[in-house]
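A.B. asks: Start from the sequences and build out the full structure, keeping to the hints where you can.
Chains H and U, in that order, are what the protein sequence lines are. With the numbering used here applied, the first sequence covers 1 to 316. With the numbering used here applied, the second sequence covers 1001 to 1300.
It should be emphasised that the hints constitute simulated quantities derived from the structure, not laboratory data. Mixed in with the good hints, there may be bad ones.
Unchecked claim - Short derived list, chain H residues pointing at chain U, Cβ under 7 Å:
id, residue
1, Val-45
2, Val-46
3, Gly-277
4, Asn-302
Said to hold, decoys possible - To list a few chain H residues with every Cβ distance to chain U over 10 Å, as calculated:
id, residue
5, Ala-33
6, Met-55
7, Gly-56
8, Arg-57
9, Lys-61
10, Asp-67
11, Asn-69
12, Tyr-82
13, Leu-89
14, Leu-125
15, Ile-146
16, Asp-193
17, Gln-197
18, Ser-254
19, Leu-259
20, Ser-282
Claimed, not checked - For each label pair, taking beta carbons as the anchor points, the in silico distance ranges come out as:
id, chain 1, residue 1, chain 2, residue 2, range
21, H, Thr-155, U, Gly-1027, 33 to 39 Å
22, H, Asp-4, U, Gly-1116, 15 to 21 Å
23, U, Ser-1059, H, Leu-259, 39 to 45 Å
24, U, Pro-1071, H, Leu-52, 41 to 47 Å
25, U, Thr-1147, H, Phe-304, 29 to 35 Å
26, U, Met-1264, H, Phe-304, 38 to 44 Å
27, U, Gly-1027, H, Ile-296, 41 to 47 Å
28, U, Met-1264, H, Pro-200, 52 to 58 Å
29, U, Thr-1067, H, Leu-52, 44 to 50 Å
30, H, Pro-70, U, Val-1201, 56 to 62 Å
31, H, Glu-278, U, Leu-1069, 21 to 27 Å
32, U, Gly-1116, H, Phe-145, 50 to 56 Å
Glycine is no exception: its CB is placed at the ideal position from the N, C-alpha and C atoms.
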Amino acid sequence: MSTDTGKLYLLRHRPPSEKLVDVAFKNLAVILASMVAFILLAIFVVVFFGGLESMGRYGWKFLVTSDWNPVDDEYGAGAAIYGTLVTSLLSLIIAVPLGVGTAIFITENIIPRKIRNVIGLMVELLAAIPSVVLGLWAIFVMEPFIRPALELLHTLLGWLPFFSTPPLGPGTLPAVLILVVMILPIITAISRDSLNQVPPSLRQAAYGVGTTRWGAIMNVLLPAAISGVVGGVMLALGRAMGETMAVTMIIGNSNNFSLSLLAPGNTIASMLANQFGEADGSQVSSLMYAAFVLIIMTLAVNIFAQWMVKRLSLKY
Amino acid sequence: MTFTSSARTADGRPDLAYKPNLSRNIGSRILTIIAGLFSGIAVLPLLLVLGYVLLKGASKISYTLFTELPPPPGLEGGGIGNAVIGTIVVTIIAGLVAIPVGVGGGIFLAEYSSGGSFAQFIRFGTNVLSGVPSIIAGVFIYGTIVTSRIVFGNAYSALAGGVALSILMLPTVIKTTDEGLKLVPDDLRRASLGVGASRFVTITRITLPTAFTPIATGVVLAIARAAGETAPLIFTALFSPFWADGVFNPIATLSVLIYNFAIMPYETQNELASAASFVLVAMILILNLFSRWLAQFASK
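C.D. replies: Right, dumping it as structure tokens:
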């Protein structure tokens, strides 16, 4: 709201009742806006104090050990933290070329606008499919379908520690693939928006000096849109770290640490989803500790993403 | 500096014609084909998932699906009536909490703040909150409402589930309200204040109605997202094999039903999970397309 509207407001003498309504409404809006900060703070406080007991008992050891034994009250989230990092980073490696490639394909003048719009719409609808439905599809369709390929991977590359176990069904690699499906729409949508915002004059200039289409994309358009693309990739990373249902249904939920991508694994989010319902005592505290670690991880990634977008924003 | 080019036409002028066989043009075409392939791969999961849900689920749509309770493990028949109602109830609770708070926060950001540090902080907080994993919202509500038991008597309840979902809806509602209100031309506000209307009247009678469609679009999208969420519900609203028993008791929802029944070793339960997926996906896609229609309707 600009300052002249403020002056207009002062032009008329206002009766006390009108002033009261105005002041009350403004304060209500301020209070409702503050709710965001309050909820964020409350999440921090609740999860931190919920995990305090466990933090005191296990300290940093919790982050690197991977016992999870409710009978002896021994807890460590090492396997889950490793699983979270591995699944999210691997899915990012696969999804970034796919997502950015799709974004380029639907922003450049390669195919008719109608088809581009349809592809864009479909990618956006993919984002709307609930995670739990993707998990169901992963269990009953995707995993049986890709198992022969995973078995081949094991027989060919079994000497690598990453493929050292035979695929049993649920496992880390199927979870990575379903995560790719879930984060693709974010990367595509944000990359497409930032590519669309590159001024047309840049494109025209590039073509004017005689570059090819991909010369323009690689040397002019992508560098100009890089902040948005990187921001989108970071947001996708944050989403992948916190993604719960599809991963829980397909990863196998094993707390035994294994380097193998074909073995069942765990992520912090899937551990929370699996165990919170029937946890009590110090297990709740340990889960809260793990949740706190997840919050810190996703917050760091998200804040870095926002900083990135701000810092590298278009300078043209 | 002189421009020399090996390619010249017969009369000595530079040859600017497109030559498809130049290596750079071939390279460019190859990259275009790769990008096309990538977008094909990107679209494929949607088609496969939709096809699967349609094939597996649509055949089981029947009257009893919506009127009966899920059967005990091992038995045949039954429906998902309680979960359909539960999803609607929990989503309505979430909307009742998130829409007023979110619209109010958006009004503050767009109408009252002048870009000060508090408003910047709230915008930043909104972005951070939208990045909080959905399961964390569940953990938070579990830690406050469910374990304390002071707020709503029974530990697990539909209300707790709805509040957990509202945390996920809140950032979307605030952002869309803020952006929607920013699209309203300042001239409208000046005109309203100029004829002596108070700020309250200006906002409620002029700016909010003008920005109604963008706000409604965002709210519908937020509702669609909340309706599909599972993670925050599995230990707040829990699940119930019975009909909904008020908002203070555990309640069944479609998403939790899919999760529970998909991993059960019984054929009937797996089929009900497929049917529930169909109903849920249909609900969400209809809401999505509705919001798209709203947005187009507004731009006309």
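A.B. asks: Are the hints correct? Go through all of them and say.
C.D. replies: Comparing the hints with the structure gives:
Restraint check, Val-45 (chain H) versus chain U: the minimum CB separation of about 9 Å is more than 7 Å; hint violated. Nearest Cβ of chain U to the Cβ of Val-46 (chain H): about 4 Å, under the 7 Å cut. The hint holds. Interface hint at Gly-277 (chain H): satisfied, since its Cβ lies 5 Å from the closest Cβ of chain U, which is below the 7 Å cut-off. Satisfaction of the interface hint for Asn-302 (chain H) is found here, the shortest Cβ-Cβ separation to chain U being roughly 4 Å, below the 7 Å cut-off.
Ala-33 (chain H), annotated as away from the interface, has a beta carbon of chain U within 10 Å; the closest lies near 4 Å. The beta carbon of Met-55 (chain H) is kept farther than 10 Å from every beta carbon of chain U, the shortest such distance being approximately 15 Å. For Gly-56 (chain H), the shortest C-beta to C-beta distance to chain U comes to about 17 Å, beyond the 10 Å cut-off, and the non-interface label holds. Non-interface call for Arg-57 (chain H) relative to chain U: holds, since the shortest CB-CB distance, roughly 18 Å, exceeds 10 Å.
Annotated as non-interface, Lys-61 (chain H) keeps its C-beta farther than 10 Å from every C-beta of chain U; the closest such distance is 22 Å. Interface exclusion of Asp-67 (chain H) from chain U stands, the closest Cβ pair being 21 Å apart, more than 10 Å. Every CB of chain U lies more than 10 Å from the CB of Asn-69 (chain H), the least distance being 21 Å, so the non-interface label holds. Tyr-82 (chain H), annotated as away from the interface, keeps every beta carbon of chain U farther than 10 Å; the closest lies near 18 Å.
No Cβ of chain U comes within 10 Å of the Cβ of Leu-89 (chain H); the nearest lies about 16 Å off, and the non-interface call holds. Non-interface status of Leu-125 (chain H) relative to chain U is broken: a Cβ of that chain comes within 10 Å, the nearest being about 6 Å off. The beta carbon of Ile-146 (chain H) sits about 12 Å from the closest Cβ of chain U, which is more than 10 Å, so the claim that it is off the interface holds. Against chain U, the non-interface label of Asp-193 (chain H) holds: every CB pair exceeds 10 Å, the least being about 14 Å.
The beta carbon of Gln-197 (chain H) sits about 16 Å from the closest Cβ of chain U, which is more than 10 Å, so the claim that it is off the interface holds. No beta-carbon of chain U comes within 10 Å of the beta-carbon of Ser-254 (chain H); the shortest separation is about 15 Å. The Cβ of Leu-259 (chain H) sits about 25 Å from the closest Cβ of chain U, beyond the 10 Å cut-off, so the non-interface label holds. At roughly 14 Å from the closest C-beta of chain U, the C-beta of Ser-282 (chain H) stays outside 10 Å, upholding its exclusion from the interface.
Under the hint 33 to 39 Å, the C-beta atoms of Thr-155 (chain H) and Gly-1027 (chain U), about 36 Å apart, fit the expected range. Asp-4 (chain H) and Gly-1116 (chain U) have their C-beta atoms about 18 Å apart, which keeps the hinted 15 to 21 Å range intact. In this structure the supplied range 39 to 45 Å holds for Ser-1059 (chain U) paired with Leu-259 (chain H), their Cβ-Cβ distance being about 43 Å. The given range of 41 to 47 Å is respected by Pro-1071 (chain U) and Leu-52 (chain H), whose C-beta atoms sit roughly 44 Å from each other.
In this structure the hint that Thr-1147 (chain U) and Phe-304 (chain H) lie 29 to 35 Å apart at CB holds, the actual value being about 33 Å. Separated by about 41 Å at the C-beta atoms, Met-1264 (chain U) and Phe-304 (chain H) satisfy the suggested range of 38 to 44 Å. Look at Gly-1027 (chain U) against Ile-296 (chain H): about 44 Å separates their beta carbons, and that is inside 41 to 47 Å. The given range of 52 to 58 Å is respected by Met-1264 (chain U) and Pro-200 (chain H), whose C-beta atoms sit roughly 55 Å from each other.
For the hinted restraint 44 to 50 Å between Thr-1067 (chain U) and Leu-52 (chain H), the CB-CB distance of approximately 48 Å keeps it satisfied. In this structure the hint that Pro-70 (chain H) and Val-1201 (chain U) lie 56 to 62 Å apart at CB holds, the actual value being about 60 Å. Against the hinted window of 21 to 27 Å, the Cβ-Cβ separation of Glu-278 (chain H) and Leu-1069 (chain U) comes to about 23 Å, which satisfies the hint. Between Gly-1116 (chain U) and Phe-145 (chain H) the CB atoms are about 55 Å apart, so this pair conforms to the stated range of 50 to 56 Å.
Consistency note: the structure conflicts with the earlier hints numbered 1, 5, 14.
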